[in-house]
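Given only the sequences and the hints, what does the whole structure look like? Please build it.
4 protein chains.
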Amino acid sequence: MPKITIKTGNEYVESLRKRKMKVHLFGEKVKNPVDHPIIRPSINSVAVTYDVANDPKYEDLATAISHLTGEKVNRFTHIHQNTQDLVKKVKLLRLLGQKTGVCFQRCVGMDSLNALSCVTFEMDRKLGTEYYERFIEYLKYVQGNDLVCCGAMTDPKGDRSLRPSEQADPDLYLRIVEQRDDGIVVRGSKVHQTGAVNSHEVIVMPTRTMRKEDKDYAVSFAIPSDTEGLIYIYGRQSCDLRKLEDVEIDLGNARYSGQEAMIVFDDVFVPWKSVFMAGEYEFAWPLVNTFSAYHRQSYGGCKAGVGDVLIGAAVTIAEYNGVARASHIRDKIVEMNHLNETIYACGISCSAEGCKTPSGTYLVDILLSNICKHNVTRFPYEIVRLAEDIAGALMVTLPSEKDFKNPEIGKYMDKYLKGDKAVPTESRLRMLRLIENISMGLGAVGYQIESMHGAGSPQAQRIMIEREVNIERKKKLAKFLAGIEKE
Amino acid sequence: MPKITIKTGNEYVESLRKRKMKVHLFGEKVKNPVDHPIIRPSINSVAVTYDVANDPKYEDLATAISHLTGEKVNRFTHIHQNTQDLVKKVKLLRLLGQKTGVCFQRCVGMDSLNALSCVTFEMDRKLGTEYYERFIEYLKYVQGNDLVCCGAMTDPKGDRSLRPSEQADPDLYLRIVEQRDDGIVVRGSKVHQTGAVNSHEVIVMPTRTMRKEDKDYAVSFAIPSDTEGLIYIYGRQSCDLRKLEDVEIDLGNARYSGQEAMIVFDDVFVPWKSVFMAGEYEFAWPLVNTFSAYHRQSYGGCKAGVGDVLIGAAVTIAEYNGVARASHIRDKIVEMNHLNETIYACGISCSAEGCKTPSGTYLVDILLSNICKHNVTRFPYEIVRLAEDIAGALMVTLPSEKDFKNPEIGKYMDKYLKGDKAVPTESRLRMLRLIENISMGLGAVGYQIESMHGAGSPQAQRIMIEREVNIERKKKLAKFLAGIEKE
Amino acid sequence: MPKITIKTGNEYVESLRKRKMKVHLFGEKVKNPVDHPIIRPSINSVAVTYDVANDPKYEDLATAISHLTGEKVNRFTHIHQNTQDLVKKVKLLRLLGQKTGVCFQRCVGMDSLNALSCVTFEMDRKLGTEYYERFIEYLKYVQGNDLVCCGAMTDPKGDRSLRPSEQADPDLYLRIVEQRDDGIVVRGSKVHQTGAVNSHEVIVMPTRTMRKEDKDYAVSFAIPSDTEGLIYIYGRQSCDLRKLEDVEIDLGNARYSGQEAMIVFDDVFVPWKSVFMAGEYEFAWPLVNTFSAYHRQSYGGCKAGVGDVLIGAAVTIAEYNGVARASHIRDKIVEMNHLNETIYACGISCSAEGCKTPSGTYLVDILLSNICKHNVTRFPYEIVRLAEDIAGALMVTLPSEKDFKNPEIGKYMDKYLKGDKAVPTESRLRMLRLIENISMGLGAVGYQIESMHGAGSPQAQRIMIEREVNIERKKKLAKFLAGIEKE
Amino acid sequence: MPKITIKTGNEYVESLRKRKMKVHLFGEKVKNPVDHPIIRPSINSVAVTYDVANDPKYEDLATAISHLTGEKVNRFTHIHQNTQDLVKKVKLLRLLGQKTGVCFQRCVGMDSLNALSCVTFEMDRKLGTEYYERFIEYLKYVQGNDLVCCGAMTDPKGDRSLRPSEQADPDLYLRIVEQRDDGIVVRGSKVHQTGAVNSHEVIVMPTRTMRKEDKDYAVSFAIPSDTEGLIYIYGRQSCDLRKLEDVEIDLGNARYSGQEAMIVFDDVFVPWKSVFMAGEYEFAWPLVNTFSAYHRQSYGGCKAGVGDVLIGAAVTIAEYNGVARASHIRDKIVEMNHLNETIYACGISCSAEGCKTPSGTYLVDILLSNICKHNVTRFPYEIVRLAEDIAGALMVTLPSEKDFKNPEIGKYMDKYLKGDKAVPTESRLRMLRLIENISMGLGAVGYQIESMHGAGSPQAQRIMIEREVNIERKKKLAKFLAGIEKE
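Which chain is which? The protein sequence lines are W, D, E and R, in order.
Position 375 (the first sequence) corresponds to 375 in the working numbering; numbering is contiguous.
Position 110 (the second sequence) corresponds to 110 in the working numbering; numbering is contiguous.
Position 51 (the third sequence) corresponds to 51 in the working numbering; numbering is contiguous.
Position 177 (the fourth sequence) corresponds to 177 in the working numbering; numbering is contiguous.
Worth flagging that the hints you see were computed from the coordinates, not collected in a lab.
There could be a bad hint or two in this list.
Taking beta-carbon pairs under 8 Å as the criterion, some of the chain D residues facing chain R (in silico) [said to hold, decoys possible]: (1) 129; (2) 328; (3) 331.
Even for Gly, the Cβ is constructed at its ideal location relative to N, Cα and C.
This is how it looks when you write it as structure tokens:
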């Protein structure tokens with residue numbers, strides 16, 4: 001595998017230019033994704049994951065010592081060696097959420113690597129396969145080159161009441177269509193792929209429990225993101241077209257954004273050395289479950305970080321509006337903080353309660369990481385509601401930046417949209433646009449819908465909570481105290 | 001006053017062309033607002049208020065008999081003569097919310113007319129003025145020509161901790177800058193003006209309690225919407241630019257939208273015959289309060305109607321996804337309905353409990369209409385959250401309509417984004433885009449932020465609830481039962 | 001049937017003495033229920049339903065003109081003749097909740113009478129039976145004598161996953177064990193019977209849908225409450241034993257309480273003239289449904305009335321504690337009122353939207369009455385939580401009234417438990433005990449658990465909401481706006 | 001100081017007999033508190049804190065190595081030496097909540113000891129006093145004898161709008177009335193004293209911020225619980241009288257209960273060696289704040305433990321009722337678990353994020369411990385509401401145990417109150433009574449009101465959240481992203 005030298009955010013951006021990806025957007029093939037105005041802000045977000053690793057202030061959080069090589073690596077490529085690693089991950093994600101205000105897209109890859117480290121080990125132990133060794137080789141490559149990996153789990157799923165092998169179209173879950181001497185050929189699609197177009201590598205995993213009849217769908221592997229046969233179709237986001245206007249204020253958060261795309265696997269060849277599962281259907285669920293546990297933990301960090309930005313914006317706009325000392329405003333800010341810190345507390349708790357798996361990799365407490373994510377499906381919505389309450393209606397009735405800069409009309413906006421006399425009207429407009437961004441614009445996808453569905457929809461966590469809780473023990477406790485059973 | 005013949009929605013649209021309005025949008029003056037792709041869908045929504053009045057099926061809801069002329073008028077120009085009128089208003093608004101899925105913009109005018117009918121009567125009775133008579137003449141004009149009135153109440157407010165006369169810039173609340181023999185000259189702005197650009201008339205009212213020192217700000221009047229000195233600056237909405245693309249599916253709701261604009265009053269002359277308040281500061285609050293009571297009732301109708309659309313969309317997408325029978329999906333649908341009907345129940349109750357004012361106009365129960373609106377500041381948010389839960393992440397990761405229609409790429413979307421095999425992929429995309437529209441796109445302004453701030457932000461209702469509830473009586477009840485006081 | 005003259009609350013109490021009921025309580029047969037200290041407060045509550053009918057101030061709410069005789073009757077025995085009757089019912093119940101602070105037990109009978117008037121009419125119309133005529137005769141007797149009727153619907157139900165005829169013990173739903181020429185013999189039990197021991201009459205109804213195989217369980221009739229074979233076993237309530245202490249303050253609400261009992265039907269004979277259903281299983285559900293609709297409406301009145309008492313108590317204790325002006329306290333009071341009025345608004349709305357049934361009786365809007373009750377399963381809990389927040393911990397750590405009155409110890413309590421210096425310590429204790437009564441003592445059964453389960457548990461309303469909502473229409477609305485279907 | 005040998009729960013109970021306490025209850029002096037049926041169950045709960053320390057299974061949680069002596073001590077007397085100690089505390093409390101289903105009363109003392117270890121150290125460092133040394137001597141005594149300490153913080157507070165020195169009665173906050181050579185004399189009262197009557201020692205602390213004028217109120221000390229001048233007045237609890245009946249089932253939890261009492265300090269002398277603060281008003285707040293932080297952490301353990309019991313009871317009664325597989329029941333159980341584990345997660349997080357204070361004692365993360373407690377003021381209420389929903393109305397309409405055991409009547413209860421045929425009716429009654437106990441009976445004080453007000457009422461946490469959150473940083477994050485400020 002080639003050595004790619006990436007150290008800084010800028011080097012990361014340059015590294016992306018070398019890929020030959022097939023990216024489609026707004027009905028056209030994108031020749032240069034890196035400089036496309038719709039795409040670039042999402043690349044900027046990923047770049048911050050490199051920059052913090054170079055900042056001595058953040059070194060402890062943003063880097064780690066590889067257990068394979070003993071060298072310092074970006075934490076996003078690290079395998080957790082203890083509960084402190086798990087805790088630091090949450091803190092790193094909160095920091096990055098604070099710095100970007102969006103989804104910075106690199107957790108899915110990190111969580112995929114860690115999950116594969118656990119499950120390939122287990123597979124080898126139980127089945128005598130050699131997946132773990134292959135995986136470790138791959139991990140060295142990723143760590144050594146500090147690559148961004150897209151963790152591709154979610155299949156389109158078609159009719160959700162049917163299993164993979166029962167679908168009218170057998171490709172609605174990604175599957176092996178051919179096994180060859182030198183590798184496998186896969187067909188299908190992965191949807192909602194966070195940061196897909198910004199990745200060097202794609203790590204594919206199955207998306208659900210598989211039975212024997214779904215054997216061909218139990219497949220995991222890693223390939224370069226510009227492998228022949230891969231097609232990326234860019235997902236549109238709320239207000240995405242504003243990036244094509246020649247504006248800055250109206251974007252709310254001009255530097256950063258998130259990204260999702262669907263990836264089509266049009267009969268893609270994968271050599272055996274990159275295959276981590278190929279038919280071992282009984283390990284599909286453990287891989288999904290382990291990945292999900294890690295990824296549900298992630299939300300306790302990143303969403304709390306974006307929450308910090310939104311809270312800061314709400315306090316600032318309250319000051320600009322002259323109402324920051326009103327008791328009901330202060331109370332709403334407290335409530336926003338309470339909810340945001342509850343999310344973070346859950347993220348910390350599942351990390352601190354993590355434990356060592358047979359592979360040596362530390363795994364979060366599964367019950368608590370599900371609790372964490374489940375709160376994330378609720379609290380950001382209430383935080384947004386409160387932010388919108390505080391912001392006032394101007395957030396959505398504000399005329400455009402172009403009007404504001406228009407020589408004839410701008411003066412009226414400047415005069416009449418002024419709040420606190422000490423604050424320039426432009427600052428007020430900027431803050432309102434940031435709140436709009438997170439609550440219903442470009443950032444809302446990441447802060448709300450991703451909070452809802454990322455790492456599994458709410459019902460997925462409810463199923464896990466039901467499974468992980470020890471109900472029999474609780475029944476015994478009750479029966480003992482009620483005098484029905486002896487201790 | 002000229003006779004304008006408007007009967008149908010189409011005639012309404014045509015009537016708008018005759019105005020000479022100064023409208024700014026995206027940094028440019030709009031020559032023809034009626035056919036501007038950003039504006040037109042919002043005009044279409046208003047047009048439905050005419051069309052239902054011509055549909056025999058809806059005659060009972062959509063029209064009424066004028067108490068002035070005995071002739072049939074559009075209910076939006078009617079003065080409520082009994083509690084049944086109040087109830088029918090709520091039902092009409094629910095119907096229009098269902099038919100358009102957005103804010104159809106005509107309630108503010110209706111609520112302004114009814115509030116002025118009460119308060120000008122009171123003013124004359126207490127102060128010996130002649131406002132009521134002027135108002136009745138104006139009302140005949142509006143009813144006879146079936147005009148759309150923009151109810152302009154909200155001032156920019158500047159620093160909200162300061163009163164109108166205390167602001168650094170005295171124009172931050174609209175005010176009389178000159179009293180002349182033939183009328184008054186006013187300066188200022190009104191913001192968040194729903195349907196402003198789609199109106200024939202602008203009815204200005206003060207936005208808060210006024211004291212003696214705020215006398216010049218206690219002003220109410222009506223003028224044609226193209227009066228010299230009026231400037232409209234169009235408010236941008238989430239995803240507004242999609243209307244400029246050559247697309248339909250991606251709009252979610254291609255026919256209809258809402259509209260808000262800020263209106264600048266650049267020293268506008270108003271003849272006395274159109275002035276309904278000019279300095280009577282002690283009546284500023286009664287006018288605000290009466291208008292707010294009517295307008296908080298309105299939300300019990302229109303938002304329940306949009307809620308119906310969103311519930312319908314959620315059920316449909318669940319069917320398309322193959323999960324409509326899952327118990328947790330059904331339970332969420334029940335919850336959405338429960339919340340939506342609670343809103344409606346509150347709207348009905350404040351109407352049924354309405355009572356006659358001295359002017360003869362029926363007014364809603366003020367406490368219950370505040371209860372109604374206060375629930376509207378909460379429940380639509382939860383309904384949206386549940387809809388987003390049911391819809392799944394595809395709602396925000398869906399590639400563009402242009403990709404879907406692209407000969408090369410569209411086939412992949414068609415193949416992989418199919419849900420239930422009996423449903424065309426396009427139908428699924430359309431339904432997802434409708435949900436996106438209401439939850440974070442063009443319609444979200446109306447369904448969420450307007451629910452929050454329209455007719456007063458949540459704290460405004462809390463203040464009214466505190467005032468309207470008879471706490472002394474409740475204390476007596478408690479003291480009696482506790483044995484502290486005799487009955 | 002004998003003529004019983006009851007006009008006043010006192011006469012009502014005296015009328016109860018004439019019955020020969022078999023009542024069991026705390027392991028003993030109660031010889032004189034009327035004067036038993038556990039029972040009497042619940043009788044006092046019912047007595048208020050008579051007293052308000054004699055108070056000219058409340059005449060309009062508490063009485064009505066019988067549509068049978070044209071005479072004035074207590075509204076609790078009246079058949080609703082229009083929507084105003086339905087609205088007045090809700091207002092009467094709120095008044096009585098305010099006056100007693102508990103469940104006054106007489107609504108179940110009223111709702112049973114109204115439900116039977118609708119359903120017996122329907123049965124006769126469809127089956128050619130004569131139940132309606134029988135029922136009307138019975139109604140005249142009840143109205144003429146102003147009787148209290150216990151509406152007995154809820155069967156013990158045994159294993160809830162099994163139908164009546166599938167239970168291990170066939171008596172777990174009340175059933176006809178013998179049909180005779182002169183009447184029927186029934187066996188079984190009815191549980192959670194509100195006010196059973198305080199009633200003159202028992203009106204039995206089935207509790208659920210019945211199928212053909214459950215025919216014997218489809219039975220409705222009315223009998224005097226001291227009929228041979230009836231056994232009453234008194235339900236205990238939280239803190240019931242305090243009534244046996246010689247105390248007043250510690251009761252919180254010394255005058256009034258609610259009552260529930262289980263009734264055993266130990267092979268009871270019912271003459272045909274009192275039978276309103278005997279095997280017509282297809283009408284079991286309509287009867288349950290109609291009764292439930294009325295009874296779910298009731299909660300929009302009575303619980304709002306008790307809510308008023310609790311709000312009054314919370315404000316008063318805040319004043320006694322010296323914190324009534326704190327913004328967070330005021331905000332919590334507003335929230336309590338908001339929730340309480342939402343309940344009431346729902347009660348009013350289902351009444352105002354009521355409609356005439358074929359029998360002439362007016363029925364509430366079924367969907368909205370379910371919405372009403374469903375909110376009642378939630379909001380009183382939050383109102384209690386807020387009251388407990390405001391009250392402070394003393395509410396549950398307060399030493400006993402006997403300590404307070406003890407010459408040696410009382411002085412310490414008097415000194416140290418004083419709040420605002422102008423308020424006697426005893427008043428503070430009394431108010432805390434009233435809040436304890438409603439939130440976890442004698443009144444909590446009525447205000448909380450009855451709010452949860454009375455007139456059907458939450459899931460019962462959810463099932464009805466799912467059924468009553470027109471989902472197909474909502475789907476059409478969405479499909480039209482999404483461009484999938486034409487209007 | 002005398003050596004008291006306590007090892008087992010039984011020895012603890014015996015140790016209490018030696019005290020000469022003045023305890024009042026129901027208007028009488030209690031001669032033998034240990035065997036009083038009202039008091040004994042609360043003693044049994046404390047005894048479990050000894051028994052678990054002797055159980056090898058729990059040794060790691062229930063004991064620790066004293067940093068003073070190197071000997072094994074009961075964790076309730078231990079000073080936290082690292083974050084693992086903090087985490088183990090939470091786990092121990094959860095275990096004890098599970099085993100007793102009530103408040104076991106010993107945390108307040110533990111939290112007082114730890115808070116004093118931090119603050120006396122700080123005082124000495126800043127003021128040159130010798131409090132820390134005194135405290136360490138005292139701690140050795142407590143550890144060596146394994147004593148139960150009552151942490152007495154809450155003053156009666158009188159009019160809460162006034163400071164201690166402003167009250168009409170100067171004794172409404174406990175104060176020094178005399179400084180002597182050998183010690184101080186104090187007067188006042190402490191209310192809501194958890195486990196007061198079951199303690200060997202009373203540790204007094206101030207309850208709020210003090211200013212210079214409140215100097216005499218800034219006092220902390222420890223004295224034996226039977227010191228001359230101390231008077232205990234026992235707080236009554238919901239359903240307390242049932243303990244005086246000769247019943248078991250009706251108690252719900254016959255073995256265990258909580259306890260609160262008010263303590264009167266009738267001019268009590270305290271020797272200097274036991275005084276830890278006497279006038280250093282600027283350290284009143286640090287002591288309150290440190291204690292509160294520890295105590296708010298505690299609730300993340302104990303209440304989750306009681307929650308486990310209630311969840312177990314809810315699942316069990318659902319099984320007994322035959323509805324355990326109904327999807328809505330399962331969903332409610334999941335929700336109960338979700339809320340309960342969120343509480344626990346917050347308890348764990350503030351422990352894992354704890355840090356070393358200058359004294360060497362580890363302190364929890366103050367923000368997160370406030371987040372923890374604030375969730376506890378909400379979630380147990382919702383857990384109770386769901387448990388009551390699942391339990392059904394029988395929980396509050398159930399006749400008495402004496403009726404159930406009555407030869408004549410019991411057979412009817414046995415027959416008609418049977419649920420699942422495989423479960424004895426008595427088991428069903430027992431489980432319902434356990435749920436009643438926790439939700440509105442003896443245990444409700446501990447699970448609900450204590451969750452609300454213990455360790456500070458909700459508003460106290462909101463104030464702390466406002467203080468502890470770094471709002472300025474959040475504002476900077478927002479201003480940077482909005483383009484208003486550079487990083």
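Supplied contact hint for residue 129 (chain D), tested at 8 Å Cβ to chain R
violated (46 Å)
Classify the hint on residue 331 (chain D) as holds or violated, based on whether any CB of chain R lies nearer than 8 Å to its CB.
holds (7 Å)
Restraint outcome when residue 328 (chain D) is required to lie within 8 Å of chain R by C-beta distance:
Cβ of residue 328 (chain D) sits 7 Å from chain R, so the hint holds.
The structure fails to meet hint 1 from the earlier list, while all remaining hints are met.
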